[in-house]
Amino acid sequence: MISRATRRHLASRLMTVLVVLLSFLAVLALILIFGNLLAKGASSIDWAFFTKSPVPAGQTGGGVANAIVGTAIVVGLSALIGVPIGVGAGMYLAEYGSGRFGYMVRFVADVLNGTPSIVIGIVGWIFIVKPSGHFSALAGSVALAILMIPMLARTTEEMVRLVPHSLREAALALGYPRWRTSLKIVARTALGGIVTGCLVGVARVAGETAPLLFTALGNLNFTVSVSQPMQTLSLQIYVYATGPFEEWHRLAWAAALVLMGLVLIISLIARWVTRQRYGSIR
Amino acid sequence: MVASANTRLRLETSHLTAFFGQHRAVRDVSLLFPAHTVTAIIGPSGCGKSTLLRCLNRMHELTPGAAVDGEVRLDDLNIYAADVNPVELRRRIGMVFQRPTPFPTMSIYDNVAAGLKVNGRWPRKQMDDAVERALQQAALWDEVKDHLRTSALDLSGGQQQRLCIARAVAPEPEILLLDEPTASLDPAGTQRIEELCHALKRLYTIVIVTHNMQQAARVSDYTAFMYLGNLVEVGRTNELFTKPKVEQTEAYITGRFG
Amino acid sequence: MASQPLLLHGTDRGDRIYRGALTGFALALPALILVILGVLFVNAWPALKRFGPSFLVTSTWDPVAEVYGAAPMIFGTLASSFVALLIAVPLALSVAIFLTEFSPRWLRQPVAFLVELLAAIPSVVYGTWGIFVLIPFLRAHVVPPLKAVFGWTPFLQGVFYGNSLLAGGIILAIMIVPYIAAVAREVLLAVPMSQREAALAMGATRWEAVRSAVLPYGRAGLIGAIILGLGRALGETMGVTMVIGNRHDIGLSLLQPAYTMAAAIANEFSEATTAMYHSALMEVGLILFVLTVAVNAIARILIWRVARGAAVGSGAL
Numbered sequence: 075m076i077s078r079a080t081r082r083h084l085a086s087r088l089m090t091v092l093v094v095l096l097s098f099l100a101v102l103a104l105i106l107i108f109g110n111l112l113a114k115g116a117s118s119i120d121w122a123f124f125t126k127s128p129v130p131a132g133q134t135g136g137g138v139a140n141a142i143v144g145t146a147i148v149v150g151l152s153a154l155i156g157v158p159i160g161v162g163a164g165m166y167l168a169e170y171g172s173g174r175f176g177y178m179v180r181f182v183a184d185v186l187n188g189t190p191s192i193v194i195g196i197v198g199w200i201f202i203v204k205p206s207g208h209f210s211a212l213a214g215s216v217a218l219a220i221l222m223i224p225m226l227a228r229t230t231e232e233m234v235r236l237v238p239h240s241l242r243e244a245a246l247a248l249g250y251p252r253w254r255t256s257l258k259i260v261a262r263t264a265l266g267g268i269v270t271g272c273l274v275g276v277a278r279v280a281g282e283t284a285p286l287l288f289t290a291l292g293n294l295n296f297t298v299s300v301s302q303p304m305q306t307l308s309l310q311i312y313v314y315a316t317g318p319f320e321e322w323h324r325l326a327w328a329a330a331l332v333l334m335g336l337v338l339i340i341s342l343i344a345r346w347v348t349r350q351r352y353g354s355i356r
Numbered sequence: 015m016v017a018s019a020n021t022r023l024r025l026e027t028s029h030l031t032a033f034f035g036q037h038r039a040v041r042d043v044s045l046l047f048p049a050h051t052v053t054a055i056i057g058p059s060g061c062g063k064s065t066l067l068r069c070l071n072r073m074h075e076l077t078p079g080a081a082v083d084g085e086v087r088l089d090d091l092n093i094y095a096a097d098v099n100p101v102e103l104r105r106r107i108g109m110v111f112q113r114p115t116p117f118p119t120m121s122i123y124d125n126v127a128a129g130l131k132v133n134g135r136w137p138r139k140q141m142d143d144a145v146e147r148a149l150q151q152a153a154l155w156d157e158v159k160d161h162l163r164t165s166a167l168d169l170s171g172g173q174q175q176r177l178c179i180a181r182a183v184a185p186e187p188e189i190l191l192l193d194e195p196t197a198s199l200d201p202a203g204t205q206r207i208e209e210l211c212h213a214l215k216r217l218y219t220i221v222i223v224t225h226n227m228q229q230a231a232r233v234s235d236y237t238a239f240m241y242l243g244n245l246v247e248v249g250r251t252n253e254l255f256t257k258p259k260v261e262q263t264e265a266y267i268t269g270r271f272g
Numbered sequence: 282m283a284s285q286p287l288l289l290h291g292t293d294r295g296d297r298i299y300r301g302a303l304t305g306f307a308l309a310l311p312a313l314i315l316v317i318l319g320v321l322f323v324n325a326w327p328a329l330k331r332f333g334p335s336f337l338v339t340s341t342w343d344p345v346a347e348v349y350g351a352a353p354m355i356f357g358t359l360a361s362s363f364v365a366l367l368i369a370v371p372l373a374l375s376v377a378i379f380l381t382e383f384s385p386r387w388l389r390q391p392v393a394f395l396v397e398l399l400a401a402i403p404s405v406v407y408g409t410w411g412i413f414v415l416i417p418f419l420r421a422h423v424v425p426p427l428k429a430v431f432g433w434t435p436f437l438q439g440v441f442y443g444n445s446l447l448a449g450g451i452i453l454a455i456m457i458v459p460y461i462a463a464v465a466r467e468v469l470l471a472v473p474m475s476q477r478e479a480a481l482a483m484g485a486t487r488w489e490a491v492r493s494a495v496l497p498y499g500r501a502g503l504i505g506a507i508i509l510g511l512g513r514a515l516g517e518t519m520g521v522t523m524v525i526g527n528r529h530d531i532g533l534s535l536l537q538p539a540y541t542m543a544a545a546i547a548n549e550f551s552e553a554t555t556a557m558y559h560s561a562l563m564e565v566g567l568i569l570f571v572l573t574v575a576v577n578a579i580a581r582i583l584i585w586r587v588a589r590g591a592a593v594g595s596g597a598l
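Residue numbers (this note's numbering), protein chains in the order written: chain A, 75 to 356; chain B, 15 to 272; chain C, 282 to 598.
It should be emphasised that the hints constitute simulated quantities derived from the structure, not laboratory data. All C-beta atoms in this analysis are idealised placements derived from N, C-alpha and C, irrespective of residue type, glycine included. Some hints could be false.
[Stated by the list, open to error] Using 27 Å as the maximum straight-line C-alpha spacing, the simulated DSS-like pairs for lysine-lysine come out as follows:
1) B:Lys-215 with A:Lys-258
2) B:Lys-159 with B:Lys-215
3) B:Lys-139 with B:Lys-159
4) B:Lys-215 with B:Lys-257
5) A:Lys-126 with A:Lys-114
6) A:Lys-258 with B:Lys-159
7) B:Lys-139 with A:Lys-258
8) C:Lys-330 with A:Lys-204
9) B:Lys-131 with B:Lys-159
10) B:Lys-215 with B:Lys-131
[What the hints assert, rightly or not] Chain B is nowhere near these chain A residues, computed Cβ spacing over 10 Å in every case:
11) Val-143
12) Leu-241
13) Ser-299
Take the sequences, apply the hints, and build the full model.
Right, here's the structure in full:
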């Protein structure tokens, strides 16, 4: 005869075990995916992989040089557009955003953060591809920038809000006008966090495929012209993984590993930046 | 804009009332701060002493919903007059806060120079001299002169507070406002800052808010006692503490409430 | 210096310029959402006019005959998201509960980091993994036993070739776990310690304290977290389109190919030849956009109540 107390303790134990098990299942999924990436992709990565462009369909070899450069250009351009607007909007929210307008902007940013990226791709198509009559890296960059802006707005706001009010007061008491306090003292103090937010945004956007499908489109050749279609790692992976050739599948894994590595490196740099200079703020 | 030590500047409030919304935190206070003296403002928590201080350099109005009635005169000038720029005003009045607030991304040198840079371009030599002078006045020069370019955060709490004092005096203000400057320091740090008050009053007119009566007795020439927003009594420090005229004052300084 | 007149008055001109510039940047956000809505609506109008509400319930998708009905995609979107939530919610909530209630301190950071990492994996990488690892695994080790036991139900009918609603649902589940977990964790962290302590002081076991004191307190936020995950799942494109089969079909069986709105746009937009085809796809985009905006808005409102406007879920890692 089990007592009620024992039954309750057993139930509690059981639930604890279940919770732990399910948690580790989630972690297991990650380990599996990473493991597969390494196992299937690492062997295909060599110097040629990084320096050559794709070879005609059906042949072996070739690389992703055009995709790597393309990713850098498309993402870089999108950062050029998205960072000023996103960080600026974030600064607004932190400095002046306590009123109703700020409330609305914040809400819109949060909602935009959940918008499907494919819809953003449509917007890019309508505004740049359709009028210009051709696909281009620029269109892709604009689409990615639209993705970045609400992301950066919120992370920037969060970082700037962390700056203690006392610092603002000290600057104001010295005779700093409000704009100078905001720029030279507050933003400078939060700079590490803002940069981290930008890097995280860039990393996320570097992995996107959907918004590029009908903006940047993709390109088998090596090009650096932003008014032409351009290849990115994500697009390359998509084409190769869904294609009919075994060779392509092998290359898809390798490219996926490279892309994942790129995203990881940027994210780790972001963490390192925060820890290095501005760890004292947090 | 440099004040010489001989200037007989006075700071004076005239029927000053400070509001937070509808609530009056400072009620009809008329108080005179003679030049080159240290005036302490004492009173229990919530008596309005910090609010009063913040009215003197127009920091109070930065709080949303805050308002001020009455006048504050810096010599002949009513600082609340419509044509006065509060930003410019604050450059003539220095303030040090309860917790040390060095700018975390700046070096010791840049922290001290922060108030100077906002006043236009300074040639290198002039700025170096001003920084050294300020650090000397704050009795910090000897401790930091060899590593002026290191981060301000490497200093101890007491040193950081002296750095904030140096930062506040670097632009050579006429008035120095201290809002419980030793509240977060240890006894050694507290003592050093109190010594500074004696030294600095040669150059500036000092108003210090403190909830520590012994500190007020040690440091100030005049003491004002506030309670619930009202100025209860003001007088020479040794008189107020030995022969208070108002019963409430006596009750406070003998510890019957507070 | 004796009373030098203080210059100027009122707010510095610099302040006004600065605030104006920042306001300009901030305006980009509401402008964006209006532009997206407007652009989708304008371009979808021909299809909206031609097909009206029947667009939502017709199953025919025939570019040649120019008859378009989005019912299969809408069904597939909802079904795959539902399956994803079924799998993801227990996993994500477990992670959140584990991290806030049961985890030893030294394990917290590493586990949290690893789960966050799931959000950093690009969608197309998930898709690749899905095609070459998940589907063969399902085919060899999961579907046969499932069919053996549950094959009589409508959910496991038909032959399993790989690309299926099931595969899509599983991929989606893994993708949304980190989002739900991150928000749920913040919600649970916001529950004051006093709640747990009160329950424990009354003799509750650890799990009972969680179930009776912590979870109900954070209920609104947790539901918000789940709805946020739903919002993510509805809009996911690449991972899903690579494994779901992309077939305009409605069926209850998890083993059959299906379609989602996002996948349809991804697959067919570049191939669309006529203006009406484009317009129909735009209408699909419009429906998807409105749906995700509504779902996200509800989620955010629920979360804001608990986590007070913190930028939760805005940037993993």
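Structure-based check of all given hints:
Restraint check for Lys-215 (chain B) and Lys-258 (chain A): the C-alpha separation of about 31 Å exceeds 27 Å, so the hint is violated. This hinted pair checks out: Lys-159 (chain B) and Lys-215 (chain B) have alpha carbons roughly 24 Å apart, not beyond 27 Å. At most 27 Å may separate the alpha-carbon atoms for a hinted pair to count; Lys-139 (chain B) and Lys-159 (chain B) meet this at roughly 16 Å. Using a Cα cut-off of 27 Å, the hinted pair Lys-215 (chain B) and Lys-257 (chain B) holds, with the two alpha carbons roughly 25 Å apart.
Among the hinted pairs, Lys-126 (chain A) with Lys-114 (chain A) is consistent with the structure: their alpha-carbon atoms are about 20 Å apart, no more than 27 Å. Of the supplied pair hints, the one linking Lys-258 (chain A) and Lys-159 (chain B) holds, its CA atoms being roughly 25 Å apart against a limit of 27 Å. Note on Lys-139 (chain B) and Lys-258 (chain A): the hinted pairing holds, with a Cα-Cα distance of about 23 Å set against a maximum of 27 Å. Annotation: proposed proximity of Lys-330 (chain C) to Lys-204 (chain A) holds, straight-line Cα distance about 22 Å (limit 27 Å).
A distance of roughly 20 Å separates the Cα atoms of Lys-131 (chain B) and Lys-159 (chain B); the hinted pair therefore holds under the 27 Å criterion. Distance hint between Lys-215 (chain B) and Lys-131 (chain B) is fulfilled; the C-alpha atoms sit about 25 Å from each other, no more than 27 Å. Every C-beta of chain B lies more than 10 Å from that of Val-143 (chain A), the closest at about 35 Å, which supports listing it as non-interface. The claim that Leu-241 (chain A) lies off the interface is violated: its Cβ sits roughly 6 Å from the closest Cβ of chain B, which falls inside the 10 Å cut-off.
The beta carbon of Ser-299 (chain A) is kept farther than 10 Å from every beta carbon of chain B, the shortest such distance being approximately 40 Å.
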